[in-house]
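For reference, the chains in residue letters:
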Amino acid sequence: MRVFAVAEHRLGEINPVSLELLNFANKIKGDGTSEAVIVGDDVRALSSVLAGCADKVWALSGSQLEHYNPESHADVLLQLFEKEPPDLVLLGNTSQGCELAPLLAVRLRCPIVTDVVGASVEGGLIVSRYIYQGKLMVDLKLNRTPCVLTVRQGVFKEGIELRGEVTELRLTPSKPLRRRFSRIIEPEEGEIDVSKAEVIVAVGRGAAPSLKLAEKLASLLNGAVAGSRPVIDSGLLAKDRQVGISGKTVKPKVYLALGISGAFQHVMGMKDSELIIAVNKDPQAPIFNVAHYGVIADVQELLPKLLSKVEERRK
Amino acid sequence: MRVFVLVKHAPSPESTLRVGADGKSVDPVCLTYDINDWDKYAVEEAVRLKEKYGGEVVAVSVGVNCDATLKKCLAMGVDRAVKVPVEAGFDPYQTAEAIVDVLRGERFDIVISGFMSQDTNNALVGVLAAAMLDLPFATAVVELSVEGDEVRAVREIEGGYREEVFLQLPCLVTVQSGINEPRYVSIMGIKAARSKELREHVVKLRGPSVFVERIYVPPTRRAEILKGSMPEVAEKLVELIGSKGVI
Chain X
1 MRVFAVAEHR LGEINPVSLE LLNFANKIKG DGTSEAVIVG DDVRALSSVL
51 AGCADKVWAL SGSQLEHYNP ESHADVLLQL FEKEPPDLVL LGNTSQGCEL
101 APLLAVRLRC PIVTDVVGAS VEGGLIVSRY IYQGKLMVDL KLNRTPCVLT
151 VRQGVFKEGI ELRGEVTELR LTPSKPLRRR FSRIIEPEEG EIDVSKAEVI
201 VAVGRGAAPS LKLAEKLASL LNGAVAGSRP VIDSGLLAKD RQVGISGKTV
251 KPKVYLALGI SGAFQHVMGM KDSELIIAVN KDPQAPIFNV AHYGVIADVQ
301 ELLPKLLSKV EERRK
Chain U
1001 MRVFVLVKHA PSPESTLRVG ADGKSVDPVC LTYDINDWDK YAVEEAVRLK
1051 EKYGGEVVAV SVGVNCDATL KKCLAMGVDR AVKVPVEAGF DPYQTAEAIV
1101 DVLRGERFDI VISGFMSQDT NNALVGVLAA AMLDLPFATA VVELSVEGDE
1151 VRAVREIEGG YREEVFLQLP CLVTVQSGIN EPRYVSIMGI KAARSKELRE
1201 HVVKLRGPSV FVERIYVPPT RRAEILKGSM PEVAEKLVEL IGSKGVI
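As you go down the protein sequences, you meet chains X and U in turn.
So in my numbering, spot 307 of the first sequence is number 307, and the numbers just go up one at a time.
Whatever position you read off the second sequence (first residue = 1), add 1000 for my numbering.
In isolation and in its complexed conformation, chain U is listed as follows:
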């Protein structure tokens, strides 16, 4: 079984976020990057499939500075990595096109990506790639297994309900967080990663289909912020909670 896993080197939403001077970007100074949270689950799921069925896991990432994330994937048990050194910006179409360009030259059984990215929260690249490659797909998967020539996927839907579907191979799934417990990177893993292949795949992008007009802090209602020492604040909270007659 050959599994491709799509990963993004993404800024953390826990970073301090400031709008850039041009009003169309996020100030990069304060951003800290790591593998996209959802993609950790995708990598873990891919490595588990290999451990169960044998074969190979390949990680693909789009971005000029994604080496650290790809190396993390290799240390987690991915066999080789492909970097597409372009900046796709805000348009997930461009990211998907870059990934599809890599996948067209490869043979694979399952492609796994995270449900969404932690920075732009589009939840698009996986399905766009599946549609471009004409693959059956399922999103927000919380249980995954291979049964004969099909994949059994349980999707998370609204209100605590789940939907069970079967996909013919080859297929693409996007995984929801919580599908597994991603492993930590071990020292052995990091050592092993040094001898693994990380190659670059050069593509030419066709240009974006959406354009950033401006980025800004959302205009919204703010809570009344309680100030004072910890005991003072605690006292105020007790008053507030007590006002509802529940103490």
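Chain X extracted, bound-state conformation:
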């Protein structure tokens, strides 16, 4: 198979998921090739990073390609694919990949599956992905090629070394763009940086009514309170307290996950914590797959008991 991996970069750095796409490509290409594609105004330096994991690198550059834009990027990718037809196109399951992948799939008239975490190629392409926020999995069969897949980050970390040749192409989008990039907005700085806390008491939807107690526990432990998306969305905590892909990545000594279901987006922000303890009343909650210790209980019942035990111990 000719497997193309569409690389991604921001502020001059390759997103590590791009190399993971190539690891995935090398695993399933058979006697075919893994080919990286990178789009930008000057991507020579980044191309050599990709070349270390690819049989071939296509560097698509042009003055109109400085900023990521699904319209211009899909346009030049399709110009390449017309000359170099892919069997499989891989993108990261990221804020860019989630836009580019379906657009490419429609233009290539091909099937698409997002957020893939595994694949087998014997007897046709079968891919695995999570559903129901990580509670179940599904294996899906794709009957025709080409196919477009977006791949979850952090899954295909191991791979072989290669020394692919870089081919540079100057390309211009064939049509006027109807979306225009304006600017990247930096995250707002809050009063504390949760990524520096040694103890994090994290509150999810299931613990929102116990926020005050969670804050008390955090201050007893000289830690910080953080939250998963639903708690941030509802305005109970500021955006800079959000842990997860679209918020902060944290690695505290202790991460106490209260009423957090454990959606992948959250888990990616806290899975490397030293000690993870999860409290959730749903025994199926995927947070129990990442936690070291779990308690199946209602946070509202357990938290007052835990607070008084911690207070006792500190005396």
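No lab work stands behind these hints: they were computed from the structure.
Pairs of lysine to aspartate or glutamate, DMTMM-like flavour, derived with a Cα cap of 20 Å:
| hint | chain 1 | residue 1 | chain 2 | residue 2 |
| --- | --- | --- | --- | --- |
| 1 | X | K141 | U | E1213 |
| 2 | X | K281 | U | E1224 |
| 3 | U | K1071 | U | E1197 |
| 4 | X | K281 | U | E1014 |
| 5 | X | K29 | X | E158 |
| 6 | X | K309 | X | D298 |
| 7 | U | K1236 | X | E312 |
| 8 | X | K216 | U | E1235 |
Here are a few chain X residues that sit away from chain U, every Cβ distance over 12 Å (derived from the structure):
| hint | residue |
| --- | --- |
| 9 | T33 |
| 10 | D55 |
| 11 | E84 |
| 12 | I160 |
| 13 | T172 |
We treat Cβ as the ideally placed atom computed from N, Cα and C, and that holds for glycine.
Chain X is already provided as a structure; the job is to place chain U on it using the hints.
Relative to chain X, chain U alone:
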């Protein structure tokens, strides 16, 4: 301004989930359905656009049993609803094709959908529809406003960063949760909904492009579950936390 909002009548991930007897489905017995969480934000955003600029909001849903969700949309302030009574199954392409079939017969300025569905988590239907209709689009939008003949959209990207883009009208956006605070359905809203139009739009689907091989419980590492009375469990937790030298 005419705004179309795409909504899904979706099973809640909070339901008890069991694999069906065929090993290729989710046992429907335990599933509770409601409007997809992200779509509540889409409906609220659409209704706010109408309240600000005037015009009409139309909700579109694909599914044989989506009436309750469409009625909820009407009660939230949507003017009329279109139901496409087909089961698109696991293939978001089919859902998008059904929606596009409705939209091709309509005039619109903005199409809004939720960022993803709470059951299959594909995050695909919105962009697939935009691509089929050749509309400019933006996903995971957390701020939306109309400025002249453009839409200003702020997208959520990784690491707390956001990206501001401008889209020419007509366009499609998928909204991230937290973009607004969806209103509750009022008694007045429910009464008003009774006289609003809910029509069916019949389509013929071309057949799926992906096929379910099996559905199963993910094989993963499980946490060591602490058992005992609440005070006993609390005591164990204090020991664990204390072992890290932070108490």
